[in-house]
Amino acid sequence: MTAHSLHCRLPLPEGFRMADVLAFHRRDPQQLAERTFESDAGAGLDKALVWNGRPACLEIRVTGDAVNARCVIDEAPADSAGDGDGDAQDALAGLVHHMLGLDQPVETFERAHARHPQLGPLLVRNAGLRVPQAATPFEALSWAIVGQQVSLSAAVALRRKLILAVGRHHSGGLMCYPDASSLLQLDAGALRAAGCSQTKAEALLALARAVVEGELPLDNWMELGRHGDAGSTLPVDEIRARLLAIRGIGPWTVNYALLRGFGWLDGSLHGDAAVRRGLQHLIGSPERIGEREAERWLAPFSPWRALVAAHLWTLKAGD
Numbered sequence: 001m002t003a004h005s006l007h008c009r010l011p012l013p014e015g016f017r018m019a020d021v022l023a024f025h026r027r028d029p030q031q032l033a034e035r036t037f038e039s040d041a042g043a044g045l046d047k048a049l050v051w052n053g054r055p056a057c058l059e060i061r062v063t064g065d066a067v068n069a070r071c072v073i074d075e076a077p078a079d080s081a082g083d084g085d086g087d088a089q090d091a092l093a094g095l096v097h098h099m100l101g102l103d104q105p106v107e108t109f110e111r112a113h114a115r116h117p118q119l120g121p122l123l124v125r126n127a128g129l130r131v132p133q134a135a136t137p138f139e140a141l142s143w144a145i146v147g148q149q150v151s152l153s154a155a156v157a158l159r160r161k162l163i164l165a166v167g168r169h170h171s172g173g174l175m176c177y178p179d180a181s182s183l184l185q186l187d188a189g190a191l192r193a194a195g196c197s198q199t200k201a202e203a204l205l206a207l208a209r210a211v212v213e214g215e216l217p218l219d220n221w222m223e224l225g226r227h228g229d230a231g232s233t234l235p236v237d238e239i240r241a242r243l244l245a246i247r248g249i250g251p252w253t254v255n256y257a258l259l260r261g262f263g264w265l266d267g268s269l270h271g272d273a274a275v276r277r278g279l280q281h282l283i284g285s286p287e288r289i290g291e292r293e294a295e296r297w298l299a300p301f302s303p304w305r306a307l308v309a310a311h312l313w314t315l316k317a318g319d
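Okay, so the sequence shown: first residue is 1 according to this note's numbering, each after it adds one.
If you are wondering where the hints come from, they were derived from the structure by calculation, not from laboratory data.
All C-beta atoms in this analysis are idealised placements derived from N, C-alpha and C, irrespective of residue type, glycine included.
Careful: at least some of the hints might be erroneous.
Stated by the list, open to error - Label-pair distances were calculated between CB atoms; the ranges are:
hint: 1; residue 1: G86; residue 2: V124; range: 40 to 50 angstroms
hint: 2; residue 1: I283; residue 2: E213; range: 41 to 51 angstroms
hint: 3; residue 1: P105; residue 2: S171; range: 33 to 43 angstroms
hint: 4; residue 1: R26; residue 2: S181; range: 21 to 31 angstroms
hint: 5; residue 1: V124; residue 2: E213; range: 44 to 54 angstroms
hint: 6; residue 1: Q30; residue 2: S302; range: 34 to 44 angstroms
hint: 7; residue 1: T2; residue 2: S302; range: 44 to 54 angstroms
hint: 8; residue 1: E107; residue 2: L152; range: 28 to 38 angstroms
Modelling step: build the complete structure from the supplied sequences, incorporating the hints.
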């Protein structure tokens, strides 16, 4: 099989928390589409995805204060650009930057709220925490749809079945998380057979069709967000309106996808049960926190509400 590879090397901020990235990509214990490892020499992640329509495997290796990345792309045509293709190299660097959350100005956020009586100590404990990103906005959105109203373990199992149903393999052994075009190879019946409810199947197909037909230019929107401070140029209102127009996509799905897919740090995840549990522990409330109370508590932290939610995710009973 013909293939070519792209390479890049990026500096990392002091104290970069690679363990958070590995934990995010280690949700599936079967490691069907991702493979993580840690050793004395460093840490790494292999992730299979679809790169410009072809199976690819992104290899991320962190050693010291830098990350080295290689993307091995299968089925490359003879005239395909190789390592010297500047645009492809830039695209790879942008992907790695995005997935590791290197665009997130977490130091600014931590300085702004260091003296908060409740959140401040948690920020010290979690210094440098970033939100690991899905490889693409489509992956974030489709994962959010899969994960709606089910437990994490059930969502992971359903995600695995979805990947298997699409069936795109990389030569390195991993299976690729599908892009929109790949997903459209399935119909609602095939998605139902893979474990999706009818509502989820229809939402996934509607999302994929909207992406392929250009109604949801997810990648273009992500590029806009990369050029702004903390995503300030991201057309959040437009994204939200277009996504909410798809049956089966609600506010929680949109806010989660804006965070994990676009790196937008101001989504209010007050509807997330784990966020509310974390807030209950943080403020020492004997009663469960409702959505409205969580929304009010998060509001003063704009434009960092989703980043606050990420810190709350780290809290468990007894902390």
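Checking each numbered hint in turn, tell me which of them this model violates, lowest number first. none
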